[in-house]
Amino acid sequence: MKKTLILILGFVLLNTNLYAATNILFLGDSLSEGMGVDEEFAFPRLVERNLKAKKHDVSVTNGGVNGATSASGASRLKWHLKKKTDIMVLELGANDGLRGLKLAETEKNLVNIIQIAKEKKVKVLLLGLMMPPNYGKKYTDEFEAMYKKIAVKEKVPLLPFILQGVAGNPKLNQADGIHPNIEGHEVIAKTITEFVEKYL
Amino acid sequence: MSFIKFFWRDFKSDKAFNWFYILCAALGIIGLLLVESFKVGIEEKIAKNAKNFIASDLSVSSRRAITPDETKNIEDFLAAKNYTYARWIETYSLVMKVTDGVNSDPLSKLADLNFVTPEFPFYGGVVLEDQGRKGPGDWASIHTTPTVWMSRDLSWELDVKVGDKLKVGEAEFTVGGIILQDQFSSFRGFNLAPKIFISHNFIKETELIKFGSTVTTSYSIKLPSDIPAKSVQTELRKSVPDRSIKIATPEESSQQINRSLTLLTDYLSLITLMTYLLSLVGLYYFTQHFLSKKLKTFSIYKAMGIKTSFLFSVNFAHLIVLTFAAVIISTGLLLTALPFVERFFSNLAGEELFFRLSTLSLVKILALSFGGSLLALSPLFWGAMQTPVATIFQDLPAQLKRIKFYYFLPLLLYVIVLAVILANSFKVGSLFLGALGIIIILAAILFKLFTNFLDKMSSRFAFVNRHASRTLSRYFTSSFTIFICLLMGMTLTTFIFQLESSLRQEFTQTYGDRRPDLFLFDLQDSQAEDFEKITTAEGWNRTMFAPMIRARLLKINDQPLQKEKATATEEANFQTREEENSERVRNRGINLSYRPALSWSETLVAGKFNGEVCDPTVKVCEISLEQSYARRLGADLGDKLVFDVSGIEVEGIVTSMRTVKWTSFEPNFFILFQPGVLEEAPKTYLSSIKVKNLDEKRRVFSKMASTFPSVSMLEVSELVRKITTIFDLMAIAIKFISFLSLFVALVVLVAVSFNHLELRKREMSLFYMLGLKTELIKKIYGREFTFLISLCVFLSLIFGTALTWIIMKNIFNSTADFRLGFVLPVVSALGLLLLTIVVMRINQLVKNKNLF
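Chains A and B, in that order, give the protein sequences. Quick note: my numbering has the first sequence finishing at residue 256, numbered continuously throughout. Quick note: my numbering has the second sequence finishing at residue 859, numbered continuously throughout.
Okay, chain B solo, but in the shape it has when bound (with noise of 0.2 Å):
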């Protein structure tokens, strides 16, 4: 006969393993491709985003004149390869509103001046007040008349509006449009003052930019869509080898955000590995619930004298093409269903959010799949095929051959390559299997304990629960196997619902109410009292309010920090980031602050955090370091740190570490005195107010600069607002990646069960032949189970919880959100839910009687 039509037949018979197969398989490569197509789509919007922070594909950019051969070298670059490209100039002014002479001095403010040539932006834009956006192409009306665009806040401080005069460097402007919204960033990282727009044509008006004027030179550049600027920024880099002079692609110049996202996006990857894992535990023990019924069919085949290796690649094709049938519905379904689940995730983050697959990816994913599955079940094959010809003369059922353990390594070396490769870390791919795989070695040595325990007990039990225990304690292999798979399906569940639970808090629910909308710095001392009393008779809701002392480090445990002179004045060379990291904190002054206790954003993780005010000349007091600052600094728990507070060397033991929510916007101070070290040292104040509405902030920019006219003040609220949506978009796609988790869990916990029943079908007909009847061999089975369940219930909870506190502290520097009030019912109804099918598959078994 041949291969294919061998192959057609055997693939025929099997129907209904077909479809489980497809259905598990699919599933998880569902949950893959969506986290995938998800992340490809953040990518794409932060790519976006990036585009418009720039309002270009690439930009060039300095803060030291460029010199005329550098100009000419850029200038003649662009030229030669015909990009198009606009210049922006950058600079720091004071301007005043025009008045008509009866007020002797007008006020003037400073302002961040931005001079565009026509071409700006390519990408990105304003949004002006009564007037609506303007993008690429709208710009034209202030490049032919004296016109500037300014930002609201300027306008409340100056008292202007749209066709008032504005008077900047030597020129005159009128007002052309208050700008609400601005999707440009600065390249001087935080804006000190609010923008103003203005056509580069009247840049010489203005006489503002000579000789010494500290200007940000930068060209945006546009390029052709096929031209990566990648590519570009490193060819240009040769006709401009100046470091100081910026080369940056979108991506670079929105770094900080795309590392919070990044993180993020690589842990729903290791979620929908866990997914994954969880399909392929199903397929696994699916495929040898197969095998093990078609054995004697293999012993029929090989007496016929078939080649082994010819079954095997028969069965091994009908694996090929079950896959294969998997990728291709799941790749169908999930390509016709994104347009739906983009409109579905956009209307509930109220976000225009993008759903992509790239080639490359879809690639990656469905190479993936392939080959979990191939690497999982191929030995299970191979153990089929070794099926003794003598199998046919036997009454029994045949015995699937034990197979070798480390016919499993290619399998268990691809996982750890998965799980790398999608958390993008070895750290993180590692510590999670590293976690799980002690999880796994303690489960063993419970599972002993709690069946030995059982055994020895069992005599004192009535005979359903003698039995049920005594099985499970002498069939240990057996039983530890369905344990495991039951134990690590429910501990996934407990620990992605209690992450999911985590990061939902980290990032959305508790801070919305605390997130500040200004940052007030340099309050001083003289002026504490006074702001205090403002803040309360205005009703001003204070986030923050902190004391902050200038220092120096001098020295750790008596060894001073400053460098040789050798190496200061040579390039420094650093093997890595963090070798690099290090050093910068070693050489930086720092700032220093003192509380009586923690903020709302700290957690303590190591020491015990001392608020008691300590006198410096009775003792040395106590430090609390930043967990991340003290490893980067190389100080632990016990060292004494010694700094320079304004030429007076204070010292003091560190006592406590902690770790500062990232996602709270708080002014992370890295070292905390204890109080009444530094009361006395010359210090400034820092603090965030959060408004109720556009005229408190109004309000508050007002009074602020009648009374305390030194105090900068920065606003923050739109950096805050795009942060914040970004994260509640992260918040929703972790929620739903983990109901999927759940789903693939019933599905796999459903099939390993079952397939523990068939194999004990012979069991259960001895007892019925034994004339045991039909209800104890239920009640047998069923307690057997209850137990199983159980235990495993308890130590999913307690493992899973084990889980998260172990990725939200060493990964997010975080604490864990223990939902144990939540994860207890949803495991617990699993379980249960698990049980209930359970029970009617042993009804259904018991009842058919066929049981060989």
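Okay, chain A solo, but in the shape it has when bound (with noise of 0.2 Å):
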């Protein structure tokens, strides 16, 4: 009868949350997803290891989809937060820009997705993006300034630009032009990795 106490005991004192790791989400696109890298070399994996080197207890959750758009992003999340999540890094808007999605809308499922979190007493942490030039400046500029504004409104941490360094630097992406090599991916969890630091 002692025994199965002290087993019950130890059984819940291990999955308590006094003693759990910090769960980190990031929920994204391909650039989470390392779309053309394995799993394992995506820049949340990567967050994840250069963390524990600097003797983080943390465990990363890869929620990173490959063309999801931002519309998609609340009930992802609401999957997600089925397990204990401490912080939400959220990464998504890039494919909404990219087909050229009404910024409102975009800004709109952002916003939600944040207050989502927030209610669950999750963390955000907010992911900037930019588009190409290609995309036009009056476009370009208001995606840019959407984060921003976004940023402020929440009163979230907001990371400018996680390409910052990579894009446009073809030995830092695959041959499309977009997603990040191997290496792309280094420099990227570096950028997050610091970003993240703060907040734990």
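Derived from the structure by calculation, the hints contain no laboratory data. One or more of the hints may lead you astray.
Not everything, but these chain B residues come out facing chain A in the computed CB check (under 10 Å) [to be verified]:
#, residue
1, 216
2, 219
3, 704
Restraint-style ranges between C-beta atoms, simulated for each label pair [claimed, not checked]:
#, chain 1, residue 1, chain 2, residue 2, range
4, B, 658, A, 96, 12 to 22 Å
5, A, 221, B, 724, 38 to 48 Å
6, A, 246, B, 658, 45 to 55 Å
Idealized CB from N, CA, C, for every residue including glycine.
Take each chain as given, in its own frame, and dock them per the hints.
Now the structure itself:
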């Protein structure tokens, strides 16, 4: 009887949040998913590796889905929130922009995702993106401004551009010129690690 | 007597044989030439289409920015060779209609911008509304003033017409034309957005191309007609070694369509090979008959001191001359008829078709024809030459020396090589010949059982039946030889017609009303219900609506799939394409779906599909895998697969395998779960719509854009139309070749039967001498053939059907359309016709009474 009680107590303690790692969810698109590279070399997994190397007890869930737009974010987040989540790193909107969708709609979707996370007491970190110049000055400017606007409005930390130093560099991108290669993911992971570490 | 004199005298004395030989051989060769000419024509047509796709003879393209050094290398190379080229820059951007300022928020839409230099295009063109086709040399108007040509879909979406202003980047352009048809493909695969063509002269004004822009830069190169694109490609690659810059020949640019066409033309070749084999069987029998009549003559010649080798040379030369005549006649006939054949089929198909014969293909076919005839018939001639001199003292007709089977080994080897060459695949060729081999073995066993049974039962039969049955069992070898020839002829006929029907079914008939015009993707869960309501209210023909869940395969049977870091960072070195495919499948994220039943385009090939709702908390639910995907993955029935669905592990057991009809244009979900497992998972929906007409298409565009602005639409009707036209052509070709084969089969079967009767003439005479009435003699032989032909009709239906099933399943990954309702009457009629001709011949033989 004693043994059983000890076992149950041990099981309960192991499962309690008190001792659990910080669970970080990357809710994103093909950039997070690591399209064209193995998942273990996609930046969410590399961020986990970097943070662990810095003695942070974290566990990362890669919620990147190739081709995902902001419209799918809310339902995907609800699915992920079935699991304990402490931080959500939101990386969505690129596909909306590349498909030329209306930015008001994208903004509404992103705000909705953030609010759902906040309701569940999940800390939100927003990753900003930019559109390539070929999408026209007006659209690219508005797209960049959208993230700043959301960050201010929802009071969430923003990393203005996650592809800083990667975009446009052929050595860090795959042949499609859009998706980073393994080396590109390393650069992105370094930038994001520094950003996330501040809010752990 | 000189060789030539001797030869000529011998040659003249066999007129009937000469003509029949030439007819039989010419039919086989015509079949081969006809299919070859169609193949060459189709290849030319594809090459022409492919040149239209890239507007040139060779293209250099890159989705990353081409560095100044690389640009210099490419342009220096082209300048040194004096090749003309056009620049073609493709990018996506938002464009909007320029309004008078009253509307504060003008509608902007994504467009696929194509900036081209004045040399563009070298091939192909666009069709503009009210302005007709704009091919090479007709594009001047867009280069002189800021004008654009835009796709009709985009003009609908932006509500613009010719003469309106459009803002592209920072520049304004006048709409100069609305594109109705566009022959060029996109270097980006599927077009996410409708196209606009703009002159490269105005690229600067748009201010769209800067550092960081996602642009596909390409060079369209025109080569002199005598310079092969492949050699330029190899040479240019030396100056531009980075493989991320693609250097593609036209054929490489349209590989997907080519793949299906190649498969079909190879199959046509295989069917022609069968026709050719049939005609070879006919030739063999007829030559055997001819030689058996000449055996005594050979003996007399030998008695006169003429050497065997001399006799063989004369007869071999006879064979060569006849084959040569058949070749000349068939080639001459076909070359003369080709323009008419071309016109006839073009009219029939409603599409410009080419029937061409290249010198190489002509030489190839003629060499094959010669080879086959000589290898098949030389052993016969050799055997005939071995007839002993003493034969001339016999009263009875001389018997042809039995030829050892190994004399035919070179022919067997030749046929295998021929099958592989013609089918362009070792698998296809060997599978076909292997199946034929198994059929022959099975037929031998069945015939043995059949004749044994008849022999045992014969005592209960009346005289005619008894004699006919005993003849079959007691002269087993000769009976089996004719049986196997008749059976093969009928089996191939059954096979060809069922294959033709199956392929036509596959390509044309069933799916015509289901082929989609629009693909819609990224429909959200929350929009599914509203979308359902709108499609019902608007009366749209929604051909497909499927949930799509993104996942990553983690384990097969508890074995993780992730690669080692070392191999991931190094460039993969795969030995075969299959290995590469297999590795790619294992690395890639995949889309899962679920549904309660298989769709109309899917066929269950193994296991049992379970569409019932499953509770994953109670048991491991079931998975259905697409067969070729399972093969690449190395998964089988009973295997357990574990997926990562947005961070949560979901497992399933493979309980069924499916094939998906590749001509259905339906998205192919490799993995289907039982309902009940993935409903809660984040998902989007994929849908397709078939529209009735342009108006409806316009309404769908407009309604979807206003109701679901985040849903993306792809217009696929033009692509579907291009491919289905080609399928229709192939179906016609298959049908044509099938009828040719039927005709050849009949000629061959008659030849085989006549020859068999010739060999039985002595027996007939004996019966006559023994006092049997001619009516009874006729009955005996008529009955024997009735037994043989009935058994052949029956078995050919089984074997032909099995062969169709094997080929359709293993090569086309599809199901066979068993048209027994059509094939049974055709083969029965063939049997009946054959029997009638044979009975007529028996009557003739018996009537003459000159049977010796």
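Against the structure, the hints come out as follows:
no., hint, result
1, 216, "holds (6 Å)"
2, 219, "holds (4 Å)"
3, 704, "violated (20 Å)"
4, 658(B) to 96(A): 12 to 22 Å, "holds (21 Å)"
5, 221(A) to 724(B): 38 to 48 Å, "holds (43 Å)"
6, 246(A) to 658(B): 45 to 55 Å, "violated (35 Å)"
When held up to the earlier numbered hints, the structure conflicts with 3, 6 and fits the remainder.
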